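Participant: Residue numbers (my numbering), protein chains in the order written: chain A, 9 to 373; chain B, 9 to 373.
Hints are computed from structural coordinates only; laboratory data are not their basis.
The list treats identical chains as interchangeable, and a pair is accepted whether it falls inside one copy or across any two copies.
Cross-link-like lysine-lysine pairs, in silico, DSBU-like; alpha carbons within 30 Å at most:
1) K74 / K338
2) K44 / K16
3) K44 / K338
4) K16 / K74
Keep in mind that this is a model prediction, so the values were computed, not measured.
Number of protein chains: 2
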Amino acid sequence: MTAPTLAKLADGRDLLFFALAGHRPAPVADRRPLPKRDPDQSQLRFDRSTGQWVIVAALRQDRTYKPPPDQCPLCPGPTGLTTEIPAPDYDVVVFENRFPSLSGIGGLPPLGDGFTSAPGRGRCEVICFSSDHTGSFAELAPAHARLVVDAWRHRTAELMAAPGVEQVFCFENRGEEIGVTLAHPHGQIYGYPYLTPRTAAMLQQAREHRMRNGDNLFADLLAREVADGGRIVARTELFTAFVPFAARWPVEVHIYPNRFVHNLVELDEDELDGFARIYLDVLGRFDRMYAPAIGPLPYMSALHQFADIDAQADGYFHVELMSIRRSATKLKYLAASESAMDAFISDVTPESVAQRLRDLGGQLG
Amino acid sequence: MTAPTLAKLADGRDLLFFALAGHRPAPVADRRPLPKRDPDQSQLRFDRSTGQWVIVAALRQDRTYKPPPDQCPLCPGPTGLTTEIPAPDYDVVVFENRFPSLSGIGGLPPLGDGFTSAPGRGRCEVICFSSDHTGSFAELAPAHARLVVDAWRHRTAELMAAPGVEQVFCFENRGEEIGVTLAHPHGQIYGYPYLTPRTAAMLQQAREHRMRNGDNLFADLLAREVADGGRIVARTELFTAFVPFAARWPVEVHIYPNRFVHNLVELDEDELDGFARIYLDVLGRFDRMYAPAIGPLPYMSALHQFADIDAQADGYFHVELMSIRRSATKLKYLAASESAMDAFISDVTPESVAQRLRDLGGQLG
Numbered sequence: 009m010t011a012p013t014l015a016k017l018a019d020g021r022d023l024l025f026f027a028l029a030g031h032r033p034a035p036v037a038d039r040r041p042l043p044k045r046d047p048d049q050s051q052l053r054f055d056r057s058t059g060q061w062v063i064v065a066a067l068r069q070d071r072t073y074k075p076p077p078d079q080c081p082l083c084p085g086p087t088g089l090t091t092e093i094p095a096p097d098y099d100v101v102v103f104e105n106r107f108p109s110l111s112g113i114g115g116l117p118p119l120g121d122g123f124t125s126a127p128g129r130g131r132c133e134v135i136c137f138s139s140d141h142t143g144s145f146a147e148l149a150p151a152h153a154r155l156v157v158d159a160w161r162h163r164t165a166e167l168m169a170a171p172g173v174e175q176v177f178c179f180e181n182r183g184e185e186i187g188v189t190l191a192h193p194h195g196q197i198y199g200y201p202y203l204t205p206r207t208a209a210m211l212q213q214a215r216e217h218r219m220r221n222g223d224n225l226f227a228d229l230l231a232r233e234v235a236d237g238g239r240i241v242a243r244t245e246l247f248t249a250f251v252p253f254a255a256r257w258p259v260e261v262h263i264y265p266n267r268f269v270h271n272l273v274e275l276d277e278d279e280l281d282g283f284a285r286i287y288l289d290v291l292g293r294f295d296r297m298y299a300p301a302i303g304p305l306p307y308m309s310a311l312h313q314f315a316d317i318d319a320q321a322d323g324y325f326h327v328e329l330m331s332i333r334r335s336a337t338k339l340k341y342l343a344a345s346e347s348a349m350d351a352f353i354s355d356v357t358p359e360s361v362a363q364r365l366r367d368l369g370g371q372l373g
Numbered sequence: 009m010t011a012p013t014l015a016k017l018a019d020g021r022d023l024l025f026f027a028l029a030g031h032r033p034a035p036v037a038d039r040r041p042l043p044k045r046d047p048d049q050s051q052l053r054f055d056r057s058t059g060q061w062v063i064v065a066a067l068r069q070d071r072t073y074k075p076p077p078d079q080c081p082l083c084p085g086p087t088g089l090t091t092e093i094p095a096p097d098y099d100v101v102v103f104e105n106r107f108p109s110l111s112g113i114g115g116l117p118p119l120g121d122g123f124t125s126a127p128g129r130g131r132c133e134v135i136c137f138s139s140d141h142t143g144s145f146a147e148l149a150p151a152h153a154r155l156v157v158d159a160w161r162h163r164t165a166e167l168m169a170a171p172g173v174e175q176v177f178c179f180e181n182r183g184e185e186i187g188v189t190l191a192h193p194h195g196q197i198y199g200y201p202y203l204t205p206r207t208a209a210m211l212q213q214a215r216e217h218r219m220r221n222g223d224n225l226f227a228d229l230l231a232r233e234v235a236d237g238g239r240i241v242a243r244t245e246l247f248t249a250f251v252p253f254a255a256r257w258p259v260e261v262h263i264y265p266n267r268f269v270h271n272l273v274e275l276d277e278d279e280l281d282g283f284a285r286i287y288l289d290v291l292g293r294f295d296r297m298y299a300p301a302i303g304p305l306p307y308m309s310a311l312h313q314f315a316d317i318d319a320q321a322d323g324y325f326h327v328e329l330m331s332i333r334r335s336a337t338k339l340k341y342l343a344a345s346e347s348a349m350d351a352f353i354s355d356v357t358p359e360s361v362a363q364r365l366r367d368l369g370g371q372l373g
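With the rest of the complex left out, here is chain A (with noise of 0.2 Å):
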């Protein structure tokens, strides 16, 4: 991949242009009269009772909502006054949250024993998968999603280096069901000064597992489901896709690795290109498995990557993608017993999702 053009928004803020073969970014000055960013826009605070942190970003309160498609903000702008892109076009754009949970540079307070809160330290960045304002993910061609992937690998490595970073996560929300207010294709990238609760219960799981057993957690999972194979989607010599025994939604499928690897910067290029590859397979079943009658499944894709340090040690890469939707007229809802006790409670069985995708047909071919 060659490396990415910078520019800078009118307000300071990053903007990063990634091109494909052949193509070279042309930005334009954003000549728009923005405000000047808040440094202290949002706040950490400590929740005692559980032991986790959580980001209050009351200017998120105003961000963008559904705006009509002549006036997307993640279209290309090419008199540099209408949009955030400064451009006559672009392939793939990274540029940071202009309504961010997380900004600037700093780590964490000390925990006292009274109230803890601190500035919202960290990164948001927003992430256009194309200038298409209609397409989706799985339209992509297969160069196209591999230069999305390299984005990925590219922030990835610039922001697990940052100051103060814990984590850094790659994700898409698609689907107004879920609460997508922007509908141009895009996805975002946190990079949060702290390990997630989730990241944290994984890696807990993962060291108890290797004192007992010596190996690893995650590699000891998936060989479990290829053995198994009642719950594979889809898998080539690179990558398998399957259906977790112990799903929590209505559709859901992890993407391995079958080398163990922390995250996207340890792939080597036949693998970056074969997770491009099996990642566009399983969004393409998605789209599919409503279409046309209903449209495509509202998903949320979440790329779970590890840092190369002892703490993270056993975390292997993978991809979680789930969807809320549970049948052609019904959503799963995350009530009580969900959103409350973290208890979840799943309507379908993980192997008739599995069938059902597998029938869906792929593109592996």
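Take the given structure of chain A and dock chain B to it, following the hints.
Facilitator: The following block gives chain B in isolation, referenced to the frame of chain A:
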């Protein structure tokens, strides 16, 4: 409280009538041709990647979904042919859920290194707060609300003593916005065969606090909220309602008894009355928050109760109420940060929500 009147539904499920002073339940025979219950209708699966149990209850996919008002299964059915409650009327009833996530008696299987699953043993009950199809909890008369509290207390004592039940969870989901499929005012009571992940996390924090400081974490949190004052919503001699310092939800209120108890069973008569009063006060504020333009606030109410056993000794009974409504026109969705990483981002400051709720006025006089 007088003992409830016990009846049986056509398929053998328990049905209990709780009556106001001077009322006498008059159940009739349930004459519906209900299918025999499947004793193995759900499954527990252990997620080794997080150390958490997941309930797979495929039968719930076909549960009653937004029936028209004249087919409401929670209204009284004087003929014994039309609803779940074969009686001309009732005050408060509790019955076993026809589409339970958990049923039958039994505990958890031992954890192996492979895929661990087991029948979904435990208990799922429905509690109807009133026979009035169009009411809400906040509109109940104080004596009626106290009867609901008595019913919760009765079920808590009975289910906590049931073999295999580790945690009793009384809760209410209210509003279509959070997926409620039956409009009739009702709640649910779960008897889980395991400690839920959030409860386990709370007990862990409380244990660590006690080892470090010698006192109770939750009592300390309550004392600090009272001393700070900025987030108090309502307070009586016996109870305190406040927005917690690190609230996760756009509207979140916790109600604590001022005296440390583990659960409803340990409250005395005055406290039971006081609990019903402050609970009505807070729900009344919720109902008025966006009325009349938007209608009553969708909410989840979660009673955090603990058993008086060593493993749960640090648990302090309290209620956590939360709503996903973040403005008159917008909902908070649990997207990837919350759903995949358990990392919550709130769009409003707890202090502003507390102020708003205080301004709405209360009923405590």
